[in-house]
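K.L.:
With the hints in hand, could you dock these two chains into one complex?
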Amino acid sequence: MADALPVGERPQLAPPIDETGPLGWARKHLFSSWLNGLVTVALIVAIGWILSWFLEWAVFTANFTASTGSECRGGGACWALIREKYRLIFFGTYPYEQQWRPLFAVVAMLAMLITSADRRMWNWRLLVIWGLGSFITFLLMFGQIYIPLSLFLFVALVVGLIGMALRKGIADAVEMNAYRALAAIGAIGLVLRILGVLPAWSLAIAPLPYVETSLWGGIPVTIILATYGLVFAFPYGILLALGRRSNLPLIKGLCVGFIELIRGVPLISLLIMASVMLPLFLPSGVTIDKFLRAQVAVILFAGAYIAEIIRGGLQSLPKGQFEAADAMGLNYVQKTLLIILPQALRVVIPPLINTFIGFFKDTSLVLIIGIFDFLNSANQALVDPNWAGFPGEIYLFAAFIYFCFCFSMSRYSKYLEVELNKGTRR
Amino acid sequence: MAASVAHDLSNAPSVITLTGVNKWFGQFHVLSDINLDVKEGEKIVICGPSGSGKSTLIRCINRLEEHQAGDIVVDGVTLTNDVKNIEAIRREVGMVFQSFNLFPHLTILENLTLAPIWVKKMPKREAEEVAMNLLKRVRIPEQALKYPGQLSGGQQQRVAIARALCMRPKIMLFDEPTSALDPEMVKEVLDVMIELAREGMTMLCVTHEMGFARAVADRVIFMDRGEIVEQNEPESFFANPRNERTKLFLGQILHH
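If you read the sequences in order, they're chains H and P. So in the working numbering, the last one in the first sequence is 409, and the numbering has no gaps at all. So in the working numbering, the last one in the second sequence is 272, and the numbering has no gaps at all.
So that you can see chain P by itself, here it is in the shape it has in the complex (with noise of 0.2 angstroms):
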């Protein structure tokens, strides 16, 4: 795999940062004091074995979920229970999912123009012709007009990637993108994301595609049992694992 492309991060400004963030479900303490700083332009990995909590600390992030003690600020706007800085985070941060959740009553082109029209009031017209770009730099644009149900897994998932994208998010949010699909799908959608990469977006990605990983990311988390136990750049960080459990976890995904 090619080497992490090489951006100065030094200056860039910090769009996400989580200061002691904590949360849990009842009882079981699924977040446990995650520190995290992002910078504008880094691609960070987490990953974890499941249970670790690697979602649901970045649906902390747009509010799909609440922590309960600590600081999340995204893009300069502190995150609580007040709905116009959450719809303001939810205006810049875009998330994908694992399961694509496109919207199964709308075609294709209507999936994506909804958010910047009803939004972003943009224009009707002016709506379909950014979707309609972004079809195309996800190379589907014959699909337009489809329903979701009539796509195949990869292409509902970069469906789902552009759809996202129209609302011109600075940060992206990737939920396990690629897990719900056939193995011969999964490198379109990691091409697409290897793309949005290049073009210096933001991305904060969950996933077990160690590939992608060396092929973007400027660091690695590895979360296990809601502590994020180690960081690194992705080449010292399999080539040099320093904690007990990371070493585990690497040798249990890293066998083929």
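Same shape as in the complex, but just chain H (with noise of 0.2 angstroms):
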């Protein structure tokens, strides 16, 4: 035969032109048949058409530069609401020339969250991150904070006992005897405390002046809620998960009993809960802060949720695990932290991340108390007689706002399961 050239001696040829490259893309996905080919050419004219729509209002006949609402009417999207009304679509109700405080406050918070992404920061860093980060946030946001000593003595009881519990066996008599000290001086400062030997002192520390929690508004208020709200949920609902999964009845029935409670109202019923029912409870004269009545229930209700989603994780794993772990020796809390979490957090990325951007919004119900995060600041900015009549503008601008939030937290999401699931084909 004329073309019998031995193997590995045949030419290499290209391939076919319209088989490859982005012609032959559009040829296999957007024209592989009549029909195909069809819809294609339909689709592009609707989305050419809806875009060309869109761009002419938003862009080519906006005006930005109107000073009043009655200039900015016919013709295109009014941004020039946006540029009039942008503080307090930001930062609420906050008095106007300390406004440069919760402008460096949600930029503390975003450094806490960009650095806390690094995956080398997961270890003691996060700790000194998270503590500088939320002093830094909260002194900004207040102006004035009062660490009282009953918190240090805490603090000090919390590390000892701690120290203790991790590295005994490990470390030298030294650090033991440091840590048993610790432990003692802050159990015996706190019952001194509370029989009231030692007197209430505070840490001042008070450069700017104070401003309290129902001047607080817009986007500080929901970075701040979802974030403090989501940081204590998660640890949270890991207990309940694990509570649940428990073999001692009393602890299991608890932790049933409690998801299936929180998940059985509606945020806004629990946020109405803590508003109003908790002050019926609490003796006279003693008040908690509406904004941390709010921030608890935040708290509490995602704790609910995440702890399903990771018990289903923890269900997912292999018996053989637990088998394994168990049959090296190691102990409940070893086996839970090293071998069965670490596990079972992989494999719920997708549907812990879209939780908290399902929180990250819903934060906007606190407005149902009375207090204004982002969405409902922006809203604020209708009420005004001058501009009113543009809503589009309003709601396309923090939907924009939330979208950039949002689908961060979303492309975080995606890195972190390549990240973490380099050793296993997925």
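Some hints here could point you the wrong way.
Stated by the list, open to error - On the chain P side, residues computed to face chain H include the following (Cβ under 10 angstroms):
#1 40
#2 44
#3 75
#4 99
#5 107
#6 109
#7 113
#8 118
#9 120
#10 131
#11 136
#12 180
#13 263
#14 267
#15 270
Unchecked claim - Listed below are the simulated PhoX-like cross-link pairs for lysine-lysine, each with C-alpha atoms no more than 25 angstroms apart in a straight line:
#16 P:137 to P:100
#17 H:151 to H:318
#18 H:405 to P:137
#19 H:151 to P:263
#20 P:162 to H:302
Simulated from the structure, these hints should not be mistaken for lab results. Treat the numbers as computed from the prediction; the structure is a model and nothing was measured. Just so it is clear, CB atoms sit at the ideal spot from N, CA and C, and this is done for glycine as well.
P.N.:
So this is what it looks like as structure tokens:
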């Protein structure tokens, strides 16, 4: 035969031009059949028409410079409204001259979140980042922080106890004695404080004028509620999930009851209960800050949902993992922290981030108890009779800001999934 | 196959003693009056049809399953619900599973050093040295920094054996270690197990690999429906089975 060349000596041909490259892709995916081709063309026309209409309204005939509502009417989008009201939208009712403070607080929180995202920081450094970042954030927002003596004593007690528990058998006698001393000071001090022997002293850090939480509003409120809500709800959810799988009936019953109760009611009702009913149960004169109550409600609510997601992850692990850990002599805490949780959490990253994104937006519900987060502050910009009639612009802008946050979380989730599953086939 | 290694067990102490052990799964009687005495350095192969309770038997020894009646004494410690006893026993007993059960989120080296570091409180460097020596012993030191998912089945099982050996156990339990492997990988795992046997480890092995039994076992035990039907040293066991059920079972599995 004329073309019977030995294997390996046949010339390398390039593939036909309409099989590869952008033309090939288009042919395969968009025009593979007559019907597909027609649909493609129809969709291109439809998208093009919508896009052109939108761009016409949003960009080409938009008004960026008007100074009153009536100037802005007629024609395209009125982005001048945003330019006029951006301080209200972003910072709510925070005192006007002090609005640099929530701005820097937001910067601090974003810096905290972004540095925490780096896996190299996932050790003791995380505590430092969050401790420092939170301190700066709340110092800026409040202006004045008073750290009570009891908190110092409590921290001493906790550090001492944890040190004694975790470093037993590893640390030398000097270190163990240091932990024992800390725990003793903490415990005795707290008892004396409760008995009233030690006076109520606070460390005062007061560089700036005080701004109470009822004046906070806008983007810092949303970020604080979502961030601290989820940061505390996450370990709390893990404990609930582990408790629900426990063999001890009391713990299991408590966890099941709690999860079902919280999941059974809307977040709004929890917020209202926290805001309206809780003060009825407290002794007269004792008030708990409304913002704190909303924060706790968010934590409890998110915790129950996170618990169920993590329980799903725990259930998906093959029994052999637990057995191998047991057979090696690991106790419950070691087995859970080293083997079970790392695997369970890796598996449920998609639904977890899904929940986080959902809760970030659910924080808007705090309007029901009179706290103005970002969406509600944006809403306030519509109230001005001078600038009536531009809801589209406001909500589009708010949606855009939410999208920036939520999409970043979504991308980070993809990054985490790839990073943490490097060793397995996915 | 070579004759089993002759060693004198008459003066060896008992490391595992089962007396009148019974277990039920609900109403189902899965272990029926088991009496077994294992001497130090003894290698026992347990065989039988599926559902005979052989895996359950060895899983009772390290408390992965709980027995409802009878006594189990391992290395002088009686197995009860007392967590301290259970942890003491698990430190001396290593187990290798049919499905390897390596931890997929850790490297091979981390898999091996986990228990020595956290249970025996060994310093990390020392644990890594021990781990690398054991990886060399099972002939895969170059895989130390890979993840279990990147290894073949035979390699994973050898890592599992090394992982169990890192705790320097007195007794090794094997629950059908080669049943989940492709045939060409069975030999590499059995070679490791034979070497381990020749070095004097006390081994209880549930397996269908009769060649392995002939090579290293001191005793072969046949279980059926929860009871020990027959036990004998390998030559006599395979050549002259006494019980009808044993003969039936051997007929089924020795046809090739």
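K.L.:
Each hint: holds or not?
P.N.:
Results for each hint:
no. : hint           : result
1   : 40             : 19 angstroms, violated
2   : 44             : 19 angstroms, violated
3   : 75             : 8 angstroms, holds
4   : 99             : 8 angstroms, holds
5   : 107            : 5 angstroms, holds
6   : 109            : 8 angstroms, holds
7   : 113            : 6 angstroms, holds
8   : 118            : 8 angstroms, holds
9   : 120            : 5 angstroms, holds
10  : 131            : 4 angstroms, holds
11  : 136            : 9 angstroms, holds
12  : 180            : 8 angstroms, holds
13  : 263            : 34 angstroms, violated
14  : 267            : 33 angstroms, violated
15  : 270            : 30 angstroms, violated
16  : P:137 to P:100 : 17 angstroms, holds
17  : H:151 to H:318 : 18 angstroms, holds
18  : H:405 to P:137 : 28 angstroms, violated
19  : H:151 to P:263 : 57 angstroms, violated
20  : P:162 to H:302 : 23 angstroms, holds
Violated hints, listed in ascending order, are 1, 2, 13, 14, 15, 18, 19; each of the other numbered hints is respected by the structure.
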